[in-house]
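These protein sequence lines are chains Y and W, in that order.
Numbering follows this note's numbering, with no gaps: position 187 of the first sequence is 187.
Numbering follows this note's numbering, with no gaps: position 76 of the second sequence is 76.
A few of these clues could be false.
One copy or two, it doesn't matter: identical chains are merged, so the pair holds either way.
SDA-like cross-link-like pairs, simulated, lysine to any residue; straight-line CA separation at most 25 angstroms [what the hints assert, rightly or not]:
| no. | residue 1 | residue 2 |
| --- | --- | --- |
| 1 | Lys279 | Pro34 |
| 2 | Lys279 | Gly325 |
| 3 | Lys447 | His161 |
| 4 | Lys279 | Ala432 |
| 5 | Lys216 | Met35 |
| 6 | Lys274 | Pro34 |
Rather than coming from a laboratory, the hints here were simulated on the basis of the structure.
The structure displayed is predicted, hence computed values, not measured ones.
2 protein chains.
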Amino acid sequence: MTTAYEELETRFRRHSVLRGAVAVLHWDSAVMMPMGGANARSDQLAELALVCHEILTGAGLAELLDAAEGDAEGLDDWQRANLVEMRRRWLHANAVPAELVRALSEACSTCEVVWREARANDDFAAVRPYLEQVVRLTRESAEAKSEPLRCTPYDALLDIHDPGSRAAEVEPIFDELSNFLNGFIGEVVEAQRGEPSAAPPRGRFPVDAQRRLGEKLMRHLGFDFGHGRLDTSHHPFTGGVREDQRLTTRYNEHDFTSGLMAILHETGHALYEKGLPEKWRHQPVGASRGMSMHESQSLIVEMQACRSDAFIRCLAGLVRETFGGEGIEWQADNLIRVYRRVQPGLIRVDADEVTYPVHVVMRFHLERALIAGDLKVADLPDAWREGMRNCLGVQPNDDRDGCMQDIHWFSGGFGYFPTYTLGAIAAAQLFAAARAADAGVMPGLEKGDFEPLLSWLRVNVHECGSRYMPREILMRATGRSFDVEGFKTHLRTRYLK
Amino acid sequence: MTTAYEELETRFRRHSVLRGAVAVLHWDSAVMMPMGGANARSDQLAELALVCHEILTGAGLAELLDAAEGDAEGLDDWQRANLVEMRRRWLHANAVPAELVRALSEACSTCEVVWREARANDDFAAVRPYLEQVVRLTRESAEAKSEPLRCTPYDALLDIHDPGSRAAEVEPIFDELSNFLNGFIGEVVEAQRGEPSAAPPRGRFPVDAQRRLGEKLMRHLGFDFGHGRLDTSHHPFTGGVREDQRLTTRYNEHDFTSGLMAILHETGHALYEKGLPEKWRHQPVGASRGMSMHESQSLIVEMQACRSDAFIRCLAGLVRETFGGEGIEWQADNLIRVYRRVQPGLIRVDADEVTYPVHVVMRFHLERALIAGDLKVADLPDAWREGMRNCLGVQPNDDRDGCMQDIHWFSGGFGYFPTYTLGAIAAAQLFAAARAADAGVMPGLEKGDFEPLLSWLRVNVHECGSRYMPREILMRATGRSFDVEGFKTHLRTRYLK
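Sequences are here, hints too, so could you generate the full structure?
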């Protein structure tokens with residue numbers, strides 16, 4: 001006879017498989033789909049979202065959870081952790097009526113498509129009503145969740161992307177970091193003024209050659225092209241499913257440096273997915289542990305490993321080989337300066353490691369205000385400009401490089417931005433711990449060998465899946481929860497040696 | 001209050017939208033997916049097949065159909081036809097247990113993937129057990145349907161692809177055609193011996209240039225790239241959904257003629273889908289009327305229109321322009337001979353218009369024997385060789401160009417092959433009727449203008465959707481059901497002027 005727990009595993013497996021289909025369709029929307037397919041795709045995604053929602057709200061699921069929880073002594077630790085995650089997902093799903101789920105999914109798909117064109121045309125007015133609808137339905141959904149999850153509506157959004165995360169805990173972390181960066185950015189900019197200028201190699205770098213170099217580095221990192229692809233999209237992302245990972249980047253024919261780092265960043269995400277516990281594939285406990293952990297894995301590759309002196313010395317050789325570059329700007333010392341140049345700018349995804357958190361903290365405050373209703377969508381462009389001026393001393397001339405630069409809000413991703421900076425903090429901690437645990441990590445990077453670092457990450461992060469909460473994973477691996485002090489030390493060491 | 005009929009429309013709409021998601025995932029499998037993604041995709045497709053199956057077997061659907069049928073006076077003609085189609089689909093779905101649907105879908109996905117590699121390696125033994133499993137489960141499924149549909153198991157397979165089609169009616173049509181072709185092929189080959197030789201232009205034709213020419217012709221035909229793409233795959237097909245049509249072809253760098261015609265063929269399929277009644281989108285009555293009608297629309301474009309003297313004269317200019325060709329082999333007269341050359345060969349998709357039906361009739365007999373259990377999968381390679389020798393006087397040296405050449409059986413498509421030749425017959429009838437109705441059809445083709453032909457097809461075929469059975473559509477449009485005589489007349493006129 002099937003136990004309640006086994007029946008739960010069957011249902012959650014189905015949910016996971018269908019979410020995989022959704023992931024591939026999302027990738028297709030951003031990478032392959034012609035514009036005219038948007039409405040049909042929006043229908044498909046909405047219908048699939050509803051099917052998934054129905055699995056989590058299906059008849060008897062609550063009773064199965066009650067029964068399995070009441071009979072949990074027979075379960076092992078992993079199964080018990082799986083059950084906890086099942087309950088968490090059930091709570092998220094059952095707080096929201098099916099019609100609202102469908103309406104929100106449709107609104108997000110449509111808004112995302114409109115955003116693509118509005119952004120190209122710098123026409124915020126065109127996307128405004130769609131974003132208003134997304135904000136309204138997101139707020140409604142968050143409010144519906146806040147009671148069963150016993151948190152604020154905004155916390156309910158954080159919890160989707162970063163289990164257990166609460167604004168009241170994020171805010172002091174971000175405040176401490178903001179206070180630090182407020183003076184630090186100026187110090188670094190001042191210090192860099194005294195260094196030789198950091199000019200990226202000039203020339204025309206064909207997309208094809210950039211892609212081939214990216215693919216070579218992905219292979220260095222252990223990415224398997226039998227189980228994935230690299231394509232292009234407006235905004236780099238990692239989609240698809242674990243056995244079929246769809247990475248994207250975007251290329252600039254006049255500067256290869258940022259498209260290349262985007263590839264390394266996305267490969268960090270992909271390696272995390274690949275390293276999740278195979279035994280728990282398609283079960284909640286086998287899934288990645290939310291977006292702050294995910295971002296820690298992309299940033300440990302991009303920021304900690306690939307921007308280290310050790311790795312850039314190795315990279316410089318590959319870059320010269322690929323593009324046939326000669327001269328001083330192709331030397332490792334210059335590339336190190338390029339990849340460490342700190343300069344307040346308008347675009348988050350192009351931001352350096354030091355100013356990046358400022359972009360995030362501003363979005364954290366803006367999206368809290370949008371969800372709380374304290375900021376109207378109509379006032380967003382102005383609030384954005386003001387925020388940029390106050391926090392970084394720069395101001396966009398248009399909304400394309402202002403509040404329309406990121407896909408997140410336009411596709412319904414509220415409560416997501418904080419995970420970038422929580423991930424950066426975690427990455428610094430984890431990298432320090434990996435280096436302390438294995439003296440081979442840095443010598444490996446000098447040769448482009450990521451295996452020592454990845455071995456440590458697999459055991460200490462990837463194979464944990466969702467067995468523990470994010471801060472518990474950090475505690476076990478590094479002895480501390482999210483630790484701003486470690487991140488500050490990293491920044492000081494790298495930028496003010 | 002919602003009527004039973006309205007509730008049925010809601011449920012069938014959902015089914016259609018999810019089938020659209022499946023279509024995109026199928027396209028991705030053949031065009032984009034890395035090999036290592038096959039198992040995960042197979043899981044996704046199986047799970048989606050099950051969800052779709054559950055909609056058609058869901059609680060209360062039988063009662064809703066009974067109620068709507070009992071109260072059909074309030075419905076208009078289209079609604080009533082919609083109800084008939086709903087019942088037909090319900091019959092197909094409810095005859096087969098959910099577990100068998102899932103097993104068959106998984107077996108087909110897996111077998112298709114194995115076939116891709118087995119075919120490349122000419123290794124029938126590698127795919128044999130997978131094909132055996134597909135045949136076994138297909139037979140089981142067909143047997144389960146034969147009673148409720150009141151037909152033989154093989155007829156139940158025909159009925160999936162070609163509603164109302166029965167082997168007992170197809171067989172005399174195919175027998176008559178076989179008897180005719182038996183002598184006719186020899187006569188044509190003999191007659192062509194006396195003509196100047198038909199050599200396709202020689203050279204190296206970059207894939208990029210071939211694709212651009214294909215896209216230009218697609219635009220001529222009215223294909224909208226805002227609602228579709230052209231890519232490459234092993235076997236050309238038209239996938240995706242109506243608002244987002246994904247066409248594929250395959251290119252030969254040494255001969256552009258076949259890849260180009262494949263594109264025109266697939267565009268015929270796409271135009272049919274595009275012309276279906278918008279008002280009945282996502283309802284069964286708004287769907288295309290099975291694969292013989294679908295094939296009639298691809299063949300009326302490829303064989304009737306695009307192989308006419310009128311169009312090839314226009315095409316010759318475009319071809320010269322694209323590839324910079326000069327000399328006698330680039331002239332229209334030579335291209336006409338190339339596109340009309342009759343030569344018994346091994347490969348169905350490369351076959352000329354005259355020998356093509358022979359390939360189909362052989363497959364019709366073989367697949368009937370496979371499903372009946374009179375032919376074992378293990379004996380298929382020999383039976384294939386013997387069939388080719390007897391019917392066309394040619395014999396493959398390997399299974400790659402023998403029984404492994406087509407994807408159909410390996411992906412579960414039994415009962416599909418006959419629709420190619422039924423479609424060819426219908427295409428000849430419809431083209432004759434269109435020319436009789438509109439004197440502008442042929443002058444249009446001379447200028448590469450397909451609008452007169454398409455206007456007629458839209459009214460007489462496309463806009464019918466599934467309002468009538470295939471033979472009724474033909475009766476209304478041409479005054480006859482499937483008419484071998486008209487096809488024979490077409491072949492005689494074109495090949496033995």
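Here's how the hints hold up against the structure:
no.	hint	verdict
1	Lys279 with Pro34	between (38 angstroms within a copy, 23 angstroms between copies)
2	Lys279 with Gly325	neither (47 angstroms within a copy, 60 angstroms between copies)
3	Lys447 with His161	neither (35 angstroms within a copy, 58 angstroms between copies)
4	Lys279 with Ala432	neither (29 angstroms within a copy, 62 angstroms between copies)
5	Lys216 with Met35	between (32 angstroms within a copy, 19 angstroms between copies)
6	Lys274 with Pro34	between (30 angstroms within a copy, 15 angstroms between copies)
Consistency note: the structure conflicts with the earlier hints numbered 2, 3 and 4.
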